[in-house]
Amino acid sequence: MEEDVKSLRDYLDILWRRKYWIVIPAFILMIGTVVFTYSLPESFKSQGLILIESQEIPQDLIRTTVTSYADQRIEVIKQRLLTTNRIMEVVEKHNLYLEQRKSSPITAPIVELFKSNVSVDIIQANVTDPASGRAKKASIAFTVSFMDQSPRKAQQVANELVTEFLNENARARTDRAQDTTQFLKLEGDRMQKEIQQTEKEIAEFRDQYSDSLPDMLEYNLNTVQNIQEEIASIQNQIMVQSDQMTTMGLQLSMIPKQLTGPTSNAAGQPSASMVALQQLRAEYRSMQSKYSANHPDLQRVKREIDALEAEIGVAASPREEVEMQLTSARSNLQTLKQRYAAEHPDVKAAAAEIDRLEQRLSDLPEEMSDEATTANGSTNPVYIEVSAKIDATEREIGRLRERQAELREKLAEYENRVYQTNQVQRAYQDLTRDRENKLAKYQELRAKQLEAELAQTLETENKGENFTLIEPPQVSNEAEKPNRKKLIAMGFVGSVGAGIGLAILVEMLFGGVRGYTQISRIVGKPPIVVIPIIQTDQQKRRKRRIIYSLIVLGIIFGLCAIALFHFFVMNLEVLWFKVLNKLSLL
Amino acid sequence: MDRIQKALEKAKQRHAQKPEPVTVEPTKSESSVSQAEDPLAAPIESISYSQTKVVNVPNHQLERKRIIAGFYNNPQSAVFRMLRTQVLKKMRSNRWQTLAVTSPTAGEGKSVVAANLAMAIAMELNQTVLLVDMDLRNPSISNYFGLNAQVGLKDYLSGDLQLSEVLINPGIKRLVILPGVGRAEDSAELLSSPKMASLVADIKSQYDSRVIIFDVPPVLQTDDVSLAASYFDSTLLVLEDGKNTESNITKSLQMLEGSHLLGTVVNKSASPPEHQNY
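Protein chains in written order, with the UniProt record's numbering: chain A, 1 to 586; chain B, 1 to 278.
Among the clues, some could well be false.
Pairs of lysine to aspartate or glutamate, EDC-like flavour, derived with a Cα cap of 20 Å [unchecked claim]: (1) B:Lys268 <-> A:Glu507; (2) A:Lys525 <-> B:Glu246; (3) A:Lys78 <-> A:Glu471; (4) B:Lys204 <-> B:Asp233; (5) A:Lys410 <-> A:Glu230; (6) A:Lys525 <-> B:Glu257; (7) A:Lys540 <-> B:Glu63; (8) A:Lys448 <-> A:Asp189; (9) A:Lys463 <-> A:Glu53; (10) B:Lys173 <-> B:Glu124; (11) B:Lys268 <-> A:Asp10; (12) A:Lys463 <-> A:Glu451; (13) B:Lys65 <-> A:Asp537; (14) A:Lys153 <-> A:Glu42; (15) A:Lys543 <-> A:Asp13; (16) A:Lys543 <-> B:Glu63; (17) B:Lys268 <-> A:Asp537; (18) A:Lys115 <-> A:Glu89; (19) A:Lys193 <-> A:Glu444; (20) A:Lys153 <-> A:Glu99; (21) A:Lys448 <-> A:Glu187; (22) A:Lys185 <-> A:Glu444; (23) B:Lys268 <-> A:Asp13; (24) B:Lys53 <-> B:Asp160; (25) B:Lys195 <-> B:Asp223; (26) A:Lys115 <-> A:Glu75.
Pair ranges (Cβ atoms, derived) [stated by the list, open to error]: (27) A:Arg542 <-> B:Gly258: 42 to 48 Å; (28) B:Gly107 <-> A:Trp576: 55 to 61 Å; (29) B:Gln86 <-> A:Lys540: 27 to 33 Å; (30) B:Asn56 <-> A:Ile31: 49 to 55 Å; (31) B:Asn143 <-> A:Lys540: 19 to 25 Å; (32) B:Lys173 <-> A:Leu550: 42 to 48 Å.
The hints are simulated quantities; they were obtained by calculation from the structure and are not laboratory data.
Quantities reported herein were computed from a predicted structural model and do not represent experimental measurements.
We put the CB at the ideal spot given by N, CA and C, even for glycine.
With the hints as constraints, model all of the structure from the sequences given.
Dropping the structure here:
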């Protein structure tokens with residue numbers, strides 16, 4: 001069986017044929033739509049427009065601490081505002097959704113309902129990015145709206161939402177700026193403490209190694225040099241003094257100790273025997289160190305001295321006597337010690353002898369040497385003078401030696417200081433570097449803190465990026481939802497569609513065989529003739545009359561529509577200019 | 001068909017008609033013969049109905065009832081003349097005399113087609129037509145011609161009437177109508193009655209050169225067609241465009257299988273095929 005393909009014309013035929021199937025259901029549905037549409041509860045929308053103002057002071061001058069994008073921030077604020085707690089607060093405050101709240105105690109559906117009635121829409125515009133010169137989308141404003149069945153409540157809630165938005169933004173920005181400042185301040189303080197600590201360490205270190213500090217190096221080196229020079233000069237002096245002393249010793253040995261008799265002797269002239277005695281005594285003293293006490297040479301010199309003393313009449317003072325004995329005893333002990341152990345009876349005896357002599361010496365009254373000399377010895381002034389000089393020189397040398405020793409110690413110390421300088425320097429450098437680093441960090445922190453404080457001021461004085469309410473929510477006169485016009489239009493389209501669908505369905509279900517070709521196919525041969533619908537004159541006339549009356553009605557209706565438009569919607573003149581304007585734009 | 005041939009044929013028919021006994025034919029008398037301008041048309045044109053009731057129906061009334069086949073000024077009449085030619089050609093070649101016009105269901109316009117076809121045939125000068133409204137349940141021919149018939153086929157079959165009392169001429173030459181009046185619930189019985197059979201035999205024999213057109217009820221909705229099938233030499237099936245389902249058509253064709261189907265006529269077509277327009 002061959003299938004016949006339907007052309008557009010066939011479909012138009014079907015539609016025309018089944019026009020009542022289309023028109024009547026469509027009409028009924030349209031009426032139904034209108035009734036339904038007008039029976040829907042009205043929702044009023046109230047919305048506020050908030051402008052996102054960019055920072056007043058150029059970014060180059062003050063950098064804000066809030067760097068996120070406006071959209072993101074709006075979204076964050078929205079999320080923060082639309083928490084269950086806050087929503088329920090608003091719901092209770094404005095007595096919203098009384099019925100729903102009565103019917104169910106659960107908050108979740110009410111929260112959902114509220115959320116579905118809130119909308120935050122961001123308005124974007126094309127702007128040219130000054131940096132790249134390219135066009136990009138930027139958010140310039142956003143609307144916050146609320147829908148409710150009561151226009152007044154819608155306005156109140158929308159107003160509250162808008163206020164919350166503004167407050168939340170300001171608060172969030174200020175908080176953020178404050179947080180930043182606070183954080184930087186704490187960081188700065190911490191760094192300051194660290195620096196103080198380091199500085200303290202440096203001070204202690206300096207105290208500890210004050211002598212070896214690198215900046216003392218030159219001074220230390222100079223000092224070392226000076227000391228060395230001084231030591232050398234003292235050495236020189238010592239040598240000179242020693243020479244002098246030797247010379248004076250010789251001179252003294254040649255000067256008689258006593259003048260020969262107070263009568264004969266020229267005053268101050270020591271007698272020859274006196275000089276001899278002196279010489280003997282010197283010889284004795286030198287021999288005492290060389291030989292033991294009972295050495296024959298020593299004995300001989302002792303005897304000669306005794307003889308001379310007896311001649312001169314001055315015996316050695318008892319003290320001198322004892323001293324001489326002590327000297328010999330000591331040398332004796334020395335020799336004994338070399339030979340025997342300390343427990344040897346000889347050694348013990350010698351030691352006891354020395355003790356006894358020392359005892360005796362200490363028991364003897366002190367003699368004034370000068371007096372003694374004057375009294376019972378030297379009466380020669382030259383001799384006295386020279387020996388005094390010798391004594392002075394000796395003292396001088398002693399003093400010089402002391403000084404030298406002192407200087408050597410000092411030298412060693414200073415050399416040590418120089419030696420330590422390198423090590424000290426390394427540690428010192430470490431410390432100072434540490435301090436410098438911290439100092440730099442600290443300065444940076446403080447600078448940042450200052451900047452952050454500026455930014456905070458910027459935020460607290462609302463000079464940063466700001467949300468400005470430019471259109472507060474109004475009490476709406478017209479219902480936002482349902483959009484009746486739209487619904488009706490959709491209903492009309494749907495109705496006509498349903499009608500057409502119905503017509504096609506009817507055609508498919510009940511449609512008979514149609515047309516020359518189909519009948520030819522079924523019957524097996526073509527029909528003899530195809531008779532068109534015979535229209536009588538009467539029918540033609542009636543049709544014509546209907547068409548005329550429809551045209552007249554259409555004209556009247558059109559005029560009425562224009563008149564209604566003119567009086568109720570827009571003045572025709574205004575419309576005319578609008579149209580002209582549009583045309584000139586094209 | 002050129003004119004000479006046509007003339008010859010008409011002459012032959014005239015000769016064939018001549019021997020008909022005037023007495024047997026009560027409906028018609030060729031008493032007066034007017035001098036017609038067309039000599040070929042003269043013999044039948046001059047017929048005047050003496051016994052048959054003549055009701056002159058005004059043209060506008062016919063037109064209002066869609067009986068338009070006779071009006072050359074109506075562009076829609078051409079299609080019926082085309083139909084007439086086709087039908088007559090077939091009937092003549094088969095020497096068929098009777099034609100039943102039917103349709104699968106009611107209201108497809110078979111009566112209109114039958115009336116128009118009868119009128120179109122009657123326009124042929126050498127052809128007379130008898131249109132019988134055999135739709136006893138719902139007769140409509142009388143209405144279409146505006147005849148206001150008092151008696152009809154039903155009365156003839158059930159009563160004791162002369163045929164001449166029933167026949168009506170609607171003021172159109174060569175066309176006689178046997179109308180139906182009233183509704184006959186017993187149509188089947190009437191149709192199958194011997195009187196009906198003798199009527200058909202009568203009119204067939206009486207009107208030798210006549211075409212007898214029966215307007216019969218729908219084929220699917222009554223059994224009338226099957227009952228009367230033996231009266232018809234041929235049938236014509238009227239189909240309303242887009243009304244019948246395929247099964248209806250095939251079923252109708254099956255039921256008409258016994259009689260000779262001349263063909264189908266598509267009626268009330270909103271979009272007749274292009275080739276038919278002239």
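Hint-by-hint comparison with the structure:
Our distance criterion of 20 Å between C-alpha atoms is met by lysine 268 of chain B and glutamate 507 of chain A, whose separation comes to about 17 Å. Taken as a hint, the lysine 525 of chain A and glutamate 246 of chain B pair is honoured in the structure, with Cα atoms around 14 Å apart against an allowance of 20 Å. About 19 Å separates the Cα atoms of lysine 78 of chain A and glutamate 471 of chain A, which keeps this hinted pair within 20 Å; it holds. For the hint linking lysine 204 of chain B to aspartate 233 of chain B, the alpha-carbon distance of about 11 Å falls within 20 Å, and the restraint holds.
Pair hint lysine 410 of chain A plus glutamate 230 of chain A holds up; C-alpha atoms about 11 Å apart against a cutoff of 20 Å. At most 20 Å may separate the alpha-carbon atoms for a hinted pair to count; lysine 525 of chain A and glutamate 257 of chain B meet this at roughly 15 Å. For the proposed pair lysine 540 of chain A and glutamate 63 of chain B, the alpha carbon gap of about 12 Å is at most 20 Å, so the pair holds. Restraint check for lysine 448 of chain A and aspartate 189 of chain A: satisfied, since their Cα atoms lie roughly 13 Å apart, inside the 20 Å limit.
Annotation: proposed proximity of lysine 463 of chain A to glutamate 53 of chain A holds, straight-line Cα distance about 10 Å (limit 20 Å). Between the alpha carbons of lysine 173 of chain B and glutamate 124 of chain B the distance comes to roughly 10 Å, so the proposed pair stays at or under 20 Å and holds. A C-alpha spacing of about 16 Å is found between lysine 268 of chain B and aspartate 10 of chain A, which places the hinted pair at or below 20 Å, so the restraint holds. With a C-alpha separation of about 15 Å, the suggested pairing of lysine 463 of chain A with glutamate 451 of chain A holds against the 20 Å cut-off.
Pair hint lysine 65 of chain B plus aspartate 537 of chain A holds up; C-alpha atoms about 10 Å apart against a cutoff of 20 Å. Using a Cα cut-off of 20 Å, the hinted pair lysine 153 of chain A and glutamate 42 of chain A holds, with the two alpha carbons roughly 13 Å apart. Annotation: proposed proximity of lysine 543 of chain A to aspartate 13 of chain A holds, straight-line Cα distance about 19 Å (limit 20 Å). A C-alpha spacing of about 17 Å is found between lysine 543 of chain A and glutamate 63 of chain B, which places the hinted pair at or below 20 Å, so the restraint holds.
Restraint check: the Cα-Cα separation between lysine 268 of chain B and aspartate 537 of chain A comes to about 16 Å, which is no more than 20 Å; the hinted pair holds. Straight-line distance between C-alpha atoms of lysine 115 of chain A and glutamate 89 of chain A comes to about 13 Å, which keeps the hinted pair within the 20 Å bound. With a C-alpha separation of about 15 Å, the suggested pair lysine 193 of chain A and glutamate 444 of chain A falls inside the 20 Å cut-off, and the hint holds. With a CA separation close to 15 Å, the supplied pair lysine 153 of chain A and glutamate 99 of chain A stays within the 20 Å bound.
Straight-line distance between C-alpha atoms of lysine 448 of chain A and glutamate 187 of chain A comes to about 10 Å, which keeps the hinted pair within the 20 Å bound. Our distance criterion of 20 Å between C-alpha atoms is met by lysine 185 of chain A and glutamate 444 of chain A, whose separation comes to about 11 Å. For the hint pairing lysine 268 of chain B with aspartate 13 of chain A, the CA-to-CA distance comes to about 14 Å; that is within 20 Å, so the pair holds. For the proposed pair lysine 53 of chain B and aspartate 160 of chain B, the alpha carbon gap of about 18 Å is at most 20 Å, so the pair holds.
For the hint linking lysine 195 of chain B to aspartate 223 of chain B, the alpha-carbon distance of about 18 Å falls within 20 Å, and the restraint holds. Restraint check: the Cα-Cα separation between lysine 115 of chain A and glutamate 75 of chain A comes to about 14 Å, which is no more than 20 Å; the hinted pair holds. Taking 42 to 48 Å as the suggested C-beta distance range, the pair arginine 542 of chain A and glycine 258 of chain B conforms, at roughly 44 Å. Here the CB-CB span from glycine 107 of chain B to tryptophan 576 of chain A is close to 56 Å, well matched to the stated 55 to 61 Å.
Our hint of 27 to 33 Å for glutamine 86 of chain B and lysine 540 of chain A holds, since their Cβ atoms are close to 28 Å apart. With their beta carbons about 53 Å apart, asparagine 56 of chain B and isoleucine 31 of chain A fall inside the hinted range of 49 to 55 Å. A hinted range of 19 to 25 Å holds for the C-beta pair asparagine 143 of chain B and lysine 540 of chain A, which are about 21 Å apart. Against the hinted window of 42 to 48 Å, the Cβ-Cβ separation of lysine 173 of chain B and leucine 550 of chain A comes to about 44 Å, which satisfies the hint.
This entry satisfies every hint, going by the numbered hints stated previously.
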